[in-house]
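Novice: Spelled out from the first residue to the last, the chains are:
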Amino acid sequence: MIEPKENEFLKAKKIETGTVIDHVPKGVALKVLRVLGIEDDFPGTVTVLMNVPSSHYGFKDIIKIEGRILQKKEIAKMALLAPAATVNTIKNYTVVDKYVVQVPSLLEGVVACPNPNCITRLEGTARLLVENASPVTLRCAYCEKVYGEKDLTY
Amino acid sequence: MDLITTRTLSKAFIEDILKKAESYEKAARDKKNLTVLKGKTLATLFFEPSTRTQMSFQAAMLRLGGTYLGFSNPKTTSSAKGETLADTIRVVEGYADAIVMRHSVEGAPARAAELTDLPVINAGDGSNQHPSQALLDLFTIRKEKGKIDGQTILLAGDLKYGRTVHSLMYALSHYDVDIQLFSPPSLKMPESIVNDIKDRVSVTETSDFGDADVVYATRVQRERFADPEEYQKSLYTIDESMLAKIKTDAIILHPLPRVKEIAPEVDADPRAKYFEQSFYGVPTRMAILDTLLGGSSE
Numbered sequence: 001m002i003e004p005k006e007n008e009f010l011k012a013k014k015i016e017t018g019t020v021i022d023h024v025p026k027g028v029a030l031k032v033l034r035v036l037g038i039e040d041d042f043p044g045t046v047t048v049l050m051n052v053p054s055s056h057y058g059f060k061d062i063i064k065i066e067g068r069i070l071q072k073k074e075i076a077k078m079a080l081l082a083p084a085a086t087v088n089t090i091k092n093y094t095v096v097d098k099y100v101v102q103v104p105s106l107l108e109g110v111v112a113c114p115n116p117n118c119i120t121r122l123e124g125t126a127r128l129l130v131e132n133a134s135p136v137t138l139r140c141a142y143c144e145k146v147y148g149e150k151d152l153t154y
Numbered sequence: 001m002d003l004i005t006t007r008t009l010s011k012a013f014i015e016d017i018l019k020k021a022e023s024y025e026k027a028a029r030d031k032k033n034l035t036v037l038k039g040k041t042l043a044t045l046f047f048e049p050s051t052r053t054q055m056s057f058q059a060a061m062l063r064l065g066g067t068y069l070g071f072s073n074p075k076t077t078s079s080a081k082g083e084t085l086a087d088t089i090r091v092v093e094g095y096a097d098a099i100v101m102r103h104s105v106e107g108a109p110a111r112a113a114e115l116t117d118l119p120v121i122n123a124g125d126g127s128n129q130h131p132s133q134a135l136l137d138l139f140t141i142r143k144e145k146g147k148i149d150g151q152t153i154l155l156a157g158d159l160k161y162g163r164t165v166h167s168l169m170y171a172l173s174h175y176d177v178d179i180q181l182f183s184p185p186s187l188k189m190p191e192s193i194v195n196d197i198k199d200r201v202s203v204t205e206t207s208d209f210g211d212a213d214v215v216y217a218t219r220v221q222r223e224r225f226a227d228p229e230e231y232q233k234s235l236y237t238i239d240e241s242m243l244a245k246i247k248t249d250a251i252i253l254h255p256l257p258r259v260k261e262i263a264p265e266v267d268a269d270p271r272a273k274y275f276e277q278s279f280y281g282v283p284t285r286m287a288i289l290d291t292l293l294g295g296s297s298e
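Chains as they are written, first to last, in my numbering: chain A, 1 to 154; chain B, 1 to 298.
The following block holds chain B by itself, in its conformation from the complex (with noise of 0.2 Å):
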């Protein structure tokens, strides 16, 4: 079984997975190991720079009492000699029990998967998906709001590219939410994505803040604009006067790292959630590869 996109994930899937990183989360928290995944090994193939995905699931496989081995520079590896992934894979294939990969060219992940039986999750590829973002996204509102259900989620910044919203939308669909939508006119949320879940989910473009239960930011990124005016106009910062805008029982999240999108004063702020949330990466990835490399819940 892999973890590759959140657009074929069951219900079924996506709350077991949160269940499961409910009962972790206090081996996360007091930093206990457990034995549940003892002799197995993860290999942590980022093809693409990570802080927290990659340390989170290195943090999750080492709470399960299992080890890691792996690369985060490709530039030390030989697919900068030009190997295909298909014999990186192939190789990794002897060395691990399961298989995490960032990279950035999209479907790579997929690609992985097909070429070996170990379980392959996606840590990210390009701009089309990070699933395990989405389900840690998924516990952290059931955490700190009490239920999925019920509350307008509003996901602003690079809609287009921005994979952790494209994996959220998906996974979003299956909750009773609202859906909200605010980015510059030349980063819009992809039409088909749109399309893929409107039957199930109401999705509204919005510029107000006021009504969303979550505020979901994301960044926007420079590389994206060619006109470097056009990307000026194209920020937005949540800073003290956006705070007064937004409800006050509201929660504020941030896949990270942040630049510009929520001003530093904001921290403080008790809606700000982003740091928990980033925590929340551990218990819900000990979950993820829990269910995929087969080992019992203690």
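For reference, chain A alone in the conformation it holds in the complex (with noise of 0.2 Å):
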């Protein structure tokens, strides 16, 4: 059997308006749906690519997302999943947004701060300051105390 290159995957799953997220690690596709609250009762066609051969990173998880333009937060809060992703914008069958996601370097109600003795756990909005883009760190601008990716809940 032929294994089909990467770029007849994407033409043969072509989606009308959406997204296609690229380059998400390998294995975190998952966990950016749930991140960007995509469960079992979201009404568009989803696809999921995972471990895609790819010449930069090995392997790669690739999401497809029919019906659904991420927001900026969506894409701040994928960001700290999949630093090096590229969000593709599509409309009309046509790519008309593409961009490769940035870690911002304040997450301002993106997502709570992990400290459940944090001011902004009762009050305001949490502010979690970027220190280190990859791996994630984050230190909370109240409480400062200091967390990883695998601390957060989204």
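What you were told as hints is all true, and nothing was included just to trick you.
Here are the computed lysine-lysine pairs in the DSSO-like style, where the Cα-Cα straight-line distance is at most 27 Å:
| hint | chain 1 | residue 1 | chain 2 | residue 2 |
| --- | --- | --- | --- | --- |
| 1 | A | 14 | A | 73 |
| 2 | B | 11 | B | 198 |
| 3 | B | 38 | B | 19 |
| 4 | B | 26 | B | 143 |
| 5 | B | 188 | A | 150 |
| 6 | A | 150 | B | 160 |
| 7 | B | 145 | B | 31 |
| 8 | A | 150 | B | 198 |
| 9 | B | 160 | B | 198 |
These are calculated hints, taken from the structure and not from any lab test.
This structure is a prediction, so every number in the text was calculated from the model and none was measured.
Bring the two chains, given one by one in their own frames, into a single complex with the hints.
Specialist: Here it is as structure tokens:
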């Protein structure tokens, strides 16, 4: 059997309107979907390609979401899991916007501070300063505790 | 300007406070009232109990000619009725020129500081920071040892949850010192704090008190242990036998209150400086209030 090339996969799964997230680290796609709040009640078609051979990364995951354009805050949240991902916005089967995700320097109201005794768990908005993008190191602007991506609850 | 954390303080700011504290020491010792902050009011909001910190801020404000108002029992305030910190701050803003706040919730003073233009001083927030204590600790070391540079400073006790040692770590990192850490395995200094300062200052773990020029003891709290046996095993006491192992010209400090970390018999030893340290809280806090409230030094 001849393995299909990566772009053949993409052609086969073309979507009319929505988002294609490429260069997601291998094995992280399902977590990205959870972070984006895409559950079993999501009305559109979601295609997840895992362990796709990649010339840059060895293997990668790809996610195609029909009928959903990602908002900036969602992308910031996703960036913590997939800091090198590419987000393609599709309209009428055409890529109308494409950019490489960047971990922002500040996550404001994106994720909660993991410290249960932080003031932002009671009032105000969580503000996590990104001290290192990869691996992600965050410091709460209020309680000053330092966390990694694995400490976060999305 | 606020004083929320020592993590972001500059050495110039610290030195300015220490210099001012020196200039206020005589007034504090002679119990003389100045007029530097005449007409100014300090709000002391203690959402958590305090003896020394609250009283020394109040004493400092009175020595500078100002007044204070506030509470030390949050049960008698609207916060007990569920008032948000934001609302409390907005109300207090109308009554005072600066706010000193202690809170069990970490980051509460930082949040208060962004809600008001008044200077906010963190007088302890949970297990995070206690910056004015660190400044008075530095002042004590300078006064009692002559200088901060060149000292080996041993921090002992609950280094994980102890806010005074967290603040002191950052404050000391501006000086040429060796920091030694002594704690039960479950109460070690957070790695993030060591990582923040390790490029500037030497930090090592030790079980030997013999090299220290400054022994800084802190409390090991029972509530940090699920297992009472583990708590008992984690206790340490500086007593006469321990004193024999500490340098003859060292000083012993403690932010107080102490429980069993320092035996009462140590009080008479000339190395015991924790009550003097407690006094230095007044001139140091006079310096802080003067700086933040914009008084003109007398």
